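With chain X held as given, fit chain E onto it using these hints.
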Amino acid sequence: MVYQNVVWVIALVGMGLVALGFLYIISQVGRPADADAVRGINRRSARWRLTLFIILLLGFLGASYGTLHSFPIPAQSGPLAASQVVNVVGRQWSWQMSIEGQPAGDTLHLVTGSPVEFRVTSADVNHGFAIYAPDGRIAIQTQAMPGFDNKILYTFTAPGKYMVRCLEYCGLGHAPMVTEFDVTNPTGG
Amino acid sequence: MATMTMYPDDERLPRGERAAFNLYAVSAVVLFVLMMLIGLVMRTAQGEWMSVPPNLFYQLLSMHGAGMVGTMGMVTTAVMWFFLRKYVKLHLWAFLANYLLFLLGALCIIGAVFLGGYAALWTFLYPLPVHAMAMWSGGAAAWFLVGYLLIGVGMLLFYLDAAWAIIQRFGNLGRALGLQWLFGGEIDPNHPKAVVASTMVIIANVLGILAGAVVLVLSLIDVADPQIAFNALVMKNLIYWFGHMYINATIYMAVIAVYELLPRYTGRPYPISRPFLWSWAASCVFVIVVFPHHLLMDYAQPRWLAIMGQIVSYGAGFSVFLITAWGALTNIHRSGMRWTMPSRLMVLAMFGWAAGIVPAILDGTIAINRVMHNTQWVPGHFHFYLLLGVLPMALALIYHVIGSREHAPPNSGADRIGFPLYLLGGLIFTFAFLDAGHLSVARRMATHLPEWQGTDHMGAIGALLVVLAMLYFMARIALGLLRANPDARAAHPAR
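Which chain is which? The protein sequence lines are X and E, in order. First residue of the first sequence? That's 119 in my numbering, and the numbers climb one at a time after it. First residue of the second sequence? That's 1081 in my numbering, and the numbers climb one at a time after it.
Extracted from the complex, chain X is given alone in its bound form (with noise of 0.2 Å):
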């Protein structure tokens, strides 16, 4: 299941319906009512908007509980329980990605199925770092800030060659700062 798909699909429905209560709305308008006619329509109008208050109060309490409860960033202080960390430094227009202990410019290799952190900073201006999975979508991004360390958590379940993009625009040359790491199965696959 692609996350983004489902979002598309719950906005479409959520537009859709906004779109069909107004189409209604226009196929009335053609019909004017009486005196009688306008109180009785107020008084529905009342009762509806009561239960469409309801109805989005139940979901702001389960959609707040739903994407919060487990917090989707982690704690930013203090280390993660990653089994690799990889240092991230985007400067204009280039990223350099070293795993911790290892010295720097050398390929970067990861594994499926455990803990990544990611410590992102910028050494000029503000840039993105966005991680797009083999199928062309964002896996997961953070800010790239200078002066600060932001963290990502993050397990690939997927093998295959990762895209770093720079989401924040940063200058002359940022859709061109991308760079590339692979992920392999720790078996070797």
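No wet-lab data here; the hints were simulated from the structure. Since the model is a prediction, treat every value here as computed from it, not as a measurement. There's no promise every hint is true.
As the list claims (entries may be wrong) - Below, simulated SDA-like cross-link-like pairs (lysine to any residue); rule was C-alpha separation at most 25 Å, straight line: (1) X:K279 x E:L1170; (2) E:K1169 x E:L1253; (3) E:K1169 x E:D1090; (4) X:K279 x E:L1253; (5) X:K279 x E:G1534; (6) X:K279 x E:L1529; (7) X:K279 x E:A1447; (8) E:K1166 x E:G1534; (9) X:K279 x E:T1527; (10) X:K279 x E:P1530; (11) E:K1169 x E:L1103; (12) E:K1166 x E:P1351.
Okay, now just chain E, sitting in the frame of chain X:
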């Protein structure tokens, strides 16, 4: 309660006011067309249907962002002024000073971009304006920032004049917001919704503009001496606090047109209520504190700020769906309203705002933001409610004023073609962005991968249709406002 007379006497525009309103309206539609043409060029360039060098692309992007946000602020200020002046004594000099300072600011920005090569976008994220890598000079950055300062000072002058006038009439801003009726008491049915909305905007956007002034001055200091370093996260918070409130204020100023005009077109009262007052009081707080949803990917930000950003984003949707959109639909339902340009535009505006909120709320969810942030999902949702929501609100008022000079709501054959063209183009254009966002197409890139360009082409086609419709609107509005005799009219009953 808003008047039920179509063109009431207290909305007449005497010579000075008429000239001022015309300046705002005509300047706005001309600027919108120019900024839309820039947008069309960018979408076409991303789809490789034309070639634009990256440095020029980012200059155009900076111009488009600053130009659209500024013009939206300018024209919606005119909406607020048009109705608020009926209830409190506003000074024309403040309204005109805002316009002149806007023009001066716009000239600084245009010079910075096209003469100085400035290309750090309308959000001028610190420290990019001084880390240009030879793309532009510190002087160009300074002119851009000074342009913002001038526009902010103009708006602040207008708001302070409006705040003073509101306090003179209602005693204080709290009473103008209707806070005295939140928990009981008989609501004055004649308490103007325009005053409630204007007061909310003044409170929120004065804070935003002051935050903007702080970060603009700090950025200018950085331009003068790049060795001085500021906390990048604090600067980012200030920039988004300012930027978010400024653009949100345009929605809340523009919607006054719907509150005031819709009952005249439906012929049905649209009374003030306690839920309405609650919604505006809550929106006042929400719009001030919701800005952290722009920084959900700044993990160094305190966790409570991110949670607040998400929760308040959800909460803000309640007012839009349950009060403004629902109230407007109830007012329209079986009203027998005639379809003219103002009524069409108002219904479109309500739809654009309500539907555009859906992808916006999704993006305000931290877990979703991780894969949608800074993709084209973001311009998708804000173009949705700006292009199909806020701009139609302002156009509805302008068309209404043209109607007041032609003795009837405008509804020519060309209008009936221009409107669906705008609607169709707007839907294609915005859904192309949203589709691209769900495919992880990055925003703000001069060049796109071949697999991204299908959505660029759809976006360019939609943009072209919108530009064509806006070109017609521009000519119609300019001629309609400038040629008619403003006094040759009588009060008309509703509908």
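Structure-based check of each hint:
1. X:K279 x E:L1170: violated (63 Å)
2. E:K1169 x E:L1253: holds (15 Å)
3. E:K1169 x E:D1090: Distance of about 12 Å is within 25 Å: holds.
4. X:K279 x E:L1253: Given that 25 Å is the threshold and the Cα spacing comes to 58 Å, the pair is violated.
5. X:K279 x E:G1534: Measuring from Cα to Cα gives roughly 24 Å; hence the hint holds.
6. X:K279 x E:L1529: holds (17 Å)
7. X:K279 x E:A1447: Holds, at about 24 Å.
8. E:K1166 x E:G1534: Not OK: E:K1166 and E:G1534 at ~50 Å, beyond 25 Å, violated.
9. X:K279 x E:T1527: OK: X:K279 and E:T1527 at ~21 Å, within 25 Å.
10. X:K279 x E:P1530: holds (18 Å)
11. E:K1169 x E:L1103: holds (21 Å)
12. E:K1166 x E:P1351: holds (17 Å)
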